[in-house]
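As given, the protein sequences belong to chains X and Y, one line each in that order.
FYI, the numbering for the first sequence is 60 to 122, going by my numbering.
FYI, the numbering for the second sequence is 10 to 853, going by my numbering.
Hints are not guaranteed to be accurate.
[Stated by the list, open to error] DMTMM-like cross-link-like pairs, simulated, lysine to aspartate or glutamate; straight-line CA separation at most 20 Å:
{"hint": "1", "chain 1": "X", "residue 1": "Lys73", "chain 2": "Y", "residue 2": "Asp401"}
{"hint": "2", "chain 1": "Y", "residue 1": "Lys346", "chain 2": "Y", "residue 2": "Asp309"}
{"hint": "3", "chain 1": "Y", "residue 1": "Lys485", "chain 2": "X", "residue 2": "Glu92"}
{"hint": "4", "chain 1": "Y", "residue 1": "Lys164", "chain 2": "Y", "residue 2": "Asp528"}
{"hint": "5", "chain 1": "Y", "residue 1": "Lys238", "chain 2": "Y", "residue 2": "Asp448"}
{"hint": "6", "chain 1": "X", "residue 1": "Lys110", "chain 2": "Y", "residue 2": "Glu176"}
{"hint": "7", "chain 1": "X", "residue 1": "Lys73", "chain 2": "Y", "residue 2": "Glu493"}
{"hint": "8", "chain 1": "Y", "residue 1": "Lys164", "chain 2": "X", "residue 2": "Glu69"}
[Said to hold, decoys possible] If you want the footprint, here are the derived chain Y segments under chain X, 3+ residues with CB under 8 Å:
{"hint": "9", "stretch": "390 to 401"}
{"hint": "10", "stretch": "483 to 490"}
No lab work stands behind these hints, which were simulated from the structure alone.
Values in this document were obtained by computation on a predicted structure and should not be read as measured data.
Glycine included, C-beta positions come from ideal geometry on N, C-alpha and C.
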Amino acid sequence: MAQAINEFTEKIYKRFLENLRGDEEIPDSLINEIEKLADNGQLTNSEAIFKAYEDWEGSHAKD
Amino acid sequence: MPRIKKLHVYGYRGITKEGNLPLEGKSLILFGENATGKSSFVEAVEKLLTEKVSSLDGRAKGLSSAKHGPSIRVSKGGSEIEITFDDGSVFDLNTPRQSLPYPIRNYLAAAQQPLFILRRSQILQLLENRPEKRGELLQPFLPLSEWNEIGDAFKQSKEEADQRARESKQELERVVKELSRLLELPLPLVAVTEEALVESVNRRLSRDSFPTINAAQGIQEALHQAKRKLSSLGDISAHIALHNLSEQIEAIIPSLQIDWLATLLEKIRELQRQEQMQARLFFEEVLQKGLKWIEQAKLDYCPLCEQPIDRVATAGRIRHRLSEVEQLITVRRDVDKLRRDAISNLKDLAQKLSATEEKASSVGRTNIVNLITEFRTRVDKALEVLSPKVSDIRIQELTETLKSWSSYSFPARFLEIHRQLKGVISTIPKPDTVRSLLDLRDFLSDVQRLWQEQESLRVRAEQAQRILEIAAQVFKHAEESRKEEIQTLFNQIAEDIDKLHEKVNPDKNRRGMQLKVRDVGTFSVNLGHNFYDRKEEDLRAYSNEADLDIYGLCIFLALRRWYRNQYPEFNLLILDDVLTSIDAEYRVRFTELLMNEFKDYQILLTTHDRIWFEHLRDIQARCGVSQQFITKIIHEWSLDEGPDLREPQEERERLEQLIMKAGEPSQIAGEAGRLLEYILQEMRYSLPLAVQARRGERYEIGDLWPAFYSKIGKEYTGFYNKAQSTLEALNVRWPLRSWLGAHFNYWAKGFTRKEAEEFGRAVADLFDLSFCTKCRRFIQPSTTPEGQMACRRGHLIYPPSGKEAKPPKDIEEILKITLGALSDTRLTSEQYFEWKRAEIGAEN
Chain X
60 MAQAINEFTE KIYKRFLENL RGDEEIPDSL INEIEKLADN GQLTNSEAIF KAYEDWEGSH
120 AKD
Chain Y
10 MPRIKKLHVY GYRGITKEGN LPLEGKSLIL FGENATGKSS FVEAVEKLLT EKVSSLDGRA
70 KGLSSAKHGP SIRVSKGGSE IEITFDDGSV FDLNTPRQSL PYPIRNYLAA AQQPLFILRR
130 SQILQLLENR PEKRGELLQP FLPLSEWNEI GDAFKQSKEE ADQRARESKQ ELERVVKELS
190 RLLELPLPLV AVTEEALVES VNRRLSRDSF PTINAAQGIQ EALHQAKRKL SSLGDISAHI
250 ALHNLSEQIE AIIPSLQIDW LATLLEKIRE LQRQEQMQAR LFFEEVLQKG LKWIEQAKLD
310 YCPLCEQPID RVATAGRIRH RLSEVEQLIT VRRDVDKLRR DAISNLKDLA QKLSATEEKA
370 SSVGRTNIVN LITEFRTRVD KALEVLSPKV SDIRIQELTE TLKSWSSYSF PARFLEIHRQ
430 LKGVISTIPK PDTVRSLLDL RDFLSDVQRL WQEQESLRVR AEQAQRILEI AAQVFKHAEE
490 SRKEEIQTLF NQIAEDIDKL HEKVNPDKNR RGMQLKVRDV GTFSVNLGHN FYDRKEEDLR
550 AYSNEADLDI YGLCIFLALR RWYRNQYPEF NLLILDDVLT SIDAEYRVRF TELLMNEFKD
610 YQILLTTHDR IWFEHLRDIQ ARCGVSQQFI TKIIHEWSLD EGPDLREPQE ERERLEQLIM
670 KAGEPSQIAG EAGRLLEYIL QEMRYSLPLA VQARRGERYE IGDLWPAFYS KIGKEYTGFY
730 NKAQSTLEAL NVRWPLRSWL GAHFNYWAKG FTRKEAEEFG RAVADLFDLS FCTKCRRFIQ
790 PSTTPEGQMA CRRGHLIYPP SGKEAKPPKD IEEILKITLG ALSDTRLTSE QYFEWKRAEI
850 GAEN
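With the hints as constraints, model all of the structure from the sequences given.
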């Protein structure tokens with residue numbers, strides 16, 4: 060997680076990923092996108108997050 | 010580990026001028042009465058380290074540290090806040106953090122979260138507020154700002170998804186509504202079904218004898234058929250134009266009968282004949298005015314020729330002549346009405362002719378255009394002739410116009426043209442057939458467009474809904490993860506809170522502290538504990554105010570300790586007047602807890618309670634941490650000068666210099682007055698002195714001296730004997746009346762040099778006799794023997810007359826000195842000593 064500087068944020072983020080993975084309704088592809096956003100320091104960018112949702116929906120519609 | 014060596018503030022909050030706290034890396038106990046500027050130092054540190062001030066920023070709209078932080082006595086940008094660390098690094102409001110050494114940068118990074126400052130108001134609010142408000146108050150004590158930014162981004166993306174889903178739904182509803190209306194269907198729940206659409210379209214197709222369809226796709230073919238059929242009918246718009254033209258000519262024909270114009274002409278002729286016959290009577294206006302004059306003014310002479318008249322007879326004649334013209338006036342009025350009607354009819358006709366001419370021109374009917382143009386000329390002429398008022402109408406011109414109108418047989422010619430047009434129209438399709446086909450074509454076209462739109466919007470709305478659902482689910486996990494992690498943290502610190510609380514309140518029936526993050530709300534916290542056999546009770550259920558305060562402090566300290574584990578180099582802890590309402594028994598224990606468990610922190614502790622301030626100094630000594638603390642007193646505050654932080658030794662040195670180096674009498678007297686006041690203020694608490702209460706606890710020399718002099722003389726004979734000449738000099742030489750009601754700057758002006766020097770010397774002597782430079786404290790009454798005054802360690806000691814000096818030397822003596830702290834507790838002194846002995850034993 061590129062943007063986190065504090066341990067507590069890191070802990071919450073890890074728990075967040077665990078909770079997402081434990082939720083059958085959340086597809087892996089979307090979790091991967093969220094992880095990519097985190098790696099690129101984009102997790103505070105609501106537009107980037109929304110785009111990830113749209114991309115997921117686009118691929119979901121194709122499926 | 011960085012520690013603050015010096016805090017320098019200029020022009021911030023209540024610190025109007027320069028305010029320096031030379032901490033030398035030590036902790037600080039800062040005493041000052043209310044409104045003397047203690048919290049200004051706390052706020053300055055907060056501003057510098059966190060860039061915010063909790064008491065200003067985010068508290069209310071329009072309130073901010075940027076606007077309200079600087080002192081009202083400094084110009085914009087004139088404030089200075091500067092911390093010097095013990096390694097020599099200096100950090101102020103303009104220092105780039107990157108330019109500082111690594112440990113200082115770490116220190117400052119950790120300090121950006123305001124987890125190191127606790128104010129009394131925060132404790133009260135934390136405990137007394139509703140759970141959701143409590144969450145808000147705890148939030149600043151948790152390092153959540155980073156995650157909050159992430160959580161906000163997930164929240165905003167969810168809100169964006171929500172907005173888009175709502176817009177798609179609204180758009181779909183609009184189209185569904187329009188389509189349902191077109192198909193004459195009741196409004197469906199979501200969208201028009203294909204089945205309903207086909208059924209409705211087929212009803213319409215059957216009505217127009219078109220083949221029905223089986224699916225929505227069939228609309229396209231039906232539309233083609235309708236268009237083909239319309240094409241087979243030729244130029245539909247030309248057909249329609251001819252139909253319209255025929256209808257317009259039909260509407261003009263009745264207006265061509267101009268009997269009304271002939272009638273008008275006849276009436277005008279008749280009127281003119283009558284007017285000529287009675288031309289002499291056309292002075293009715295003159296007659297009417299003359300009658301009025303004669304009757305109202307009661308004139309007995311003619312207003313025109315000034316000859317004597319018989320008023321009654323003349324008025325009678327005038328009335329008779331007016332009755333003769335009345336008929337003529339009525340006829341004139343009727344004729345004018347006919348004229349106006351004629352103009353209106355002609356204008357209406359001209360308008361119809363223009364519209365018809367335009368239509369005829371558009372379908373290329375030149376013969377109709379020519380006829381209308383020819384006729385329009387006559388109509389315009391008639392309008393021109395009739396425009397003047399009745400009396401000005403030229404009969405001859407009107408007669409000729411009428412004649413030419415009749416001679417050209419316009420009605421007959423229009424009828425002929427209309428007949429010819431009807432003949433053409435009979436060969437083209439009927440308007441009803443064309444209109445019906447056109448309606449069907451438009452209907453099918455609209456249905457097809459709306460159906461496609463509906464289907465496309467339905468897909469979009471479904472997609473938006475799916476995005477919303479996933480966004481809401483992800484956001485829910487973001488929120489839950491935050492709450493779960495906070496709960497884990499709370500569980501950890503709950504144990505620490507119990508440990509800390511036990512040190513302050515040993516009652517074992519109050520344990521099991523719980524901080525529970527509630528499932529509901531953004532961040533809502535319940536506070537509970539076990540009370541005897543009652544489990545998980547609300548803290549407030551069985552706790553008094555002091556207990557609650559202690560819990561609040563322990564929660565904060567546990568959070569602070571947890572944060573320290575993550576940032577060991579950040580050791581600052583600020584407690585801004587938080588101990589005020591705690592019972593003395595708890596205060597002693599809490600302060601010991603602070604001195605023992607937080608001894609490796611740099612503590613800045615403020616208090617406005619003088620007695621408590623004295624006890625704090627005692628407890629420091631008892632805990633063996635005196636060397637780690639410095640104490641500062643703010644004597645007073647003024648808007649122009651800010652907090653007064655002078656030290657007594659400095660005052661003494663200044664006084665000496667003024668005496669030795671030819672200071673002005675007023676300067677010497679003023680300085681001596683300030684030092685004497687300092688001494689008396691100290692004595693007021695330690696002796697203590699009974700003085701008449703003053704608002705704001707602001708006492709002057711005149712208030713304190715009589716009580717001091719009297720008490721020393723009666724109860725502390727050892728000190729009195731030693732200082733007798735000095736005390737008497739102060740008491741006799743300077744009458745008290747001159748000290749009352751004014752302050753130094755005023756009364757010091759009346760001193761001669763000799764008087765000022767004697768006064769200064771006496772005050773300096775009193776200071777030297779009462780202030781121990783080794784302990785840096787004033788003497789105070791010893792517990793035993795009664796009547797003895799001594800400093801903390803017995804460097805200065807004045808036993809009562811006839812008794813031996815007894816310097817305080819063992820721990821029990823020191824404990825006795827803190828006895829005052831127990832005056833309002835429920836513990837007896839025996840219980841207190843038993844507890845202390847046990848504690849000391851355990852520590853050893």
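Query - 20 Å limit on alpha-carbon distance, applied to hinted pair Lys238(Y) and Asp448(Y) - result: holds (13 Å)
Query raised in the report: According to a criterion of three or more residues whose C-beta lies within less than 8 Å of a C-beta of chain X, is the stretch 483 to 490 of chain Y covered?
Result: holds (count 5)
**Report entry** Per-stretch coverage check for the stretch 390 to 401 of chain Y, three Cβ contacts closer than 8 Å to chain X
**Finding:** Check failed, 0 qualifying residues.
Query - Restraint status (C-alpha distance of Lys73(X) to Glu493(Y) at most 20 Å) - result: holds (12 Å)
Query raised in the report: If you draw a straight line from the CA of Lys110(X) to the CA of Glu176(Y), is it 20 Å or shorter?
Result: holds (18 Å)
Query - Restraint status (C-alpha distance of Lys164(Y) to Asp528(Y) at most 20 Å) - result: holds (17 Å)
Report task. Mind checking the alpha carbons of Lys346(Y) and Asp309(Y) for me, to see if they're no more than 20 Å apart? Result -> Outside the cut-off at roughly 41 Å; violated.
Query raised in the report: For the pair supplied as a hint, Lys73(X) and Asp401(Y), is the alpha-carbon distance within the 20 Å limit?
Result: violated (103 Å)
Query raised in the report: Is the straight-line distance between the alpha-carbon of Lys164(Y) and that of Glu69(X) 20 Å or less?
Result: holds (19 Å)
Report task. Sort out whether Glu92(X) lies within 20 Å of Lys485(Y), counting only the CA atoms. Result -> Holds, at roughly 17 Å.
Checked against the numbered hints above, the structure violates hints 1, 2, 9; every other hint is satisfied.
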